[in-house]
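4 protein chains.
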Amino acid sequence: MESSADSTTGSSPCFVTSVRVAFGDCDPANIVYFPNFYRWLDQSTHDLCEAAGFELVAVRRERQWVGFPLAEAGARFHRPATINDQLRIETRVREWRPKMFLLDHRIFRDGLLLVEGWQTRFIGVHLPGQGRRLAALPIPREFIQAVDRLMT
Amino acid sequence: MESSADSTTGSSPCFVTSVRVAFGDCDPANIVYFPNFYRWLDQSTHDLCEAAGFELVAVRRERQWVGFPLAEAGARFHRPATINDQLRIETRVREWRPKMFLLDHRIFRDGLLLVEGWQTRFIGVHLPGQGRRLAALPIPREFIQAVDRLMT
Amino acid sequence: MESSADSTTGSSPCFVTSVRVAFGDCDPANIVYFPNFYRWLDQSTHDLCEAAGFELVAVRRERQWVGFPLAEAGARFHRPATINDQLRIETRVREWRPKMFLLDHRIFRDGLLLVEGWQTRFIGVHLPGQGRRLAALPIPREFIQAVDRLMT
Amino acid sequence: MESSADSTTGSSPCFVTSVRVAFGDCDPANIVYFPNFYRWLDQSTHDLCEAAGFELVAVRRERQWVGFPLAEAGARFHRPATINDQLRIETRVREWRPKMFLLDHRIFRDGLLLVEGWQTRFIGVHLPGQGRRLAALPIPREFIQAVDRLMT
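Chains A, B, C and D, in that order, are what the protein sequence lines are. First residue of the first sequence: 1, per my numbering; consecutive thereafter. First residue of the second sequence: 153, per my numbering; consecutive thereafter. First residue of the third sequence: 305, per my numbering; consecutive thereafter. First residue of the fourth sequence: 457, per my numbering; consecutive thereafter.
Hints listed in this document are in silico derivations from the structure and should not be mistaken for laboratory results. From the three backbone atoms N, C-alpha and C, an ideal C-beta is built for every residue, glycine too. Check before you lean on any hint, since a few could be wrong.
Chain B regions said to be covered by chain A (calculated; three or more residues, Cβ under 8 Å) [unchecked claim]:
(1) 179-187
(2) 226-232
(3) 276-290
Reference excerpt, derived from the structure (chain D facing chain A, CB under 7 Å, subset only) [said to hold, decoys possible]:
(4) 477
(5) 479
(6) 495
(7) 539
(8) 540
(9) 568
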């Protein structure tokens, strides 16, 4: 992953990770089985948070955050990917809300846009008496600043 | 799966399937890892097509359809599910377009809405000289009628 | 799943579950991607434990067992399975050791043996000062009796 | 991946790859859900074959090999891995048989042995009139030489 800004492929600074498609990621149509794209977009968000200083194991242990759960996620699949394709994943934070952050993802192969994804996330915490339902923490200013710094 | 119409939980007739959450479907937050929801919504669409007489292995062999690829898919996650939860999945076709069909999904546990999903699908075929990119077949009238019949 | 004994296919009483192969379980060779077999054998063991009265969520909450981790697992793949195959999974406990239990699994399609699997499991508990490494609980007599009762 | 020989951790030359554990690879016990280890060992074998000049997409297209299917696979799980662990995977060919090759794998984290795996593989081809069952090609001498060359 590259923690520095990158603006060559998209129109604005972004955080870049990469993934190589495995045989086992593909289906009988010989293309990536689509839920795997969501796995990779999930990982790219975790990589972004880690690069910003909020590594998942650490925030779980030190801040009692459960993680960065999804309120919504979607994707448009423009072109398929297949075995051993090298994919470039661009991640941008589109919007900060008081308790939510909205991410945009774009997946490329050799400069060709394959997938556009979006996610609405929050910082999940367990509140007393709420069972396993996760509450959304007001997003700390230091988190916003650290993430934004990766994209300028 | 139930191939008959069912209107008790949602507001209109739908196709109903079910799934039980496995230990391995859940993540360190002790809830379903979200890409698995897409796996189950994928299967519910395949079950719908099969109930309508368009079983995947058969259409691949007899009609040279590759399957029912996704152009777009998304979901809103209202509440988590966890190990051994019994989930009810409702599927509806919201709209038929000339080469696309739009599906809505709702996932319930004990009458409680957990997830709302949507998919835009087409009937994928290989056209000569197009490589692995899939073309969208004009949706046959018999397919529309057979699917609609499951929901009235 | 059937909690009663069944001796028609194998040579001795066993616990029987079933699974239907999904499109997404298969790979570009159009057959089940083999790690999925391990997923299903994992689930069949969990189903066996549940039928014996040791449901995973309950033992995690009430007995502070982490679950039934694997010390070893293997499989011989005799014939492939493909999309929409209906599989029958037979599970037997081959041996009880003081802190381990050994399971044998056989997966059939229409009476044809596809896969033979084996697992060595223990009851995992967290001991103070051992970090995330799991300790093996001496297997309680009531657990052995309840599981054995399902296979006679 | 490193295509050069490496003998620091194990007792003989081997092929080395690496993988980083993702959040979604882990289960409610906060450790890698074991079928994922088989996914990674599968990939390490594919990486070995590619480094030897037998990349999967190429051999499927140019030689009509289906791939490198498994006849048997197993693993001993000594210690768990968890989120963001960086794993080193060592792969060795233990034995060449006329139509089978036997592989040994060892997974380490910081020099600590976590998992030992083994696989029996063959080169799968479709023979006329055999349906979807895969036949085993006599292993070509050039394949053996190219793989062995990576481990000396």
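Consistency of the hints with the structure:
no.: 1; hint: 179-187; verdict: holds (count 6)
no.: 2; hint: 226-232; verdict: holds (count 6)
no.: 3; hint: 276-290; verdict: holds (count 4)
no.: 4; hint: 477; verdict: 10 Å, violated
no.: 5; hint: 479; verdict: 6 Å, holds
no.: 6; hint: 495; verdict: 5 Å, holds
no.: 7; hint: 539; verdict: 5 Å, holds
no.: 8; hint: 540; verdict: 6 Å, holds
no.: 9; hint: 568; verdict: 17 Å, violated
Going down the numbered hints, you'll see the structure goes against 4, 9, while the others check out.
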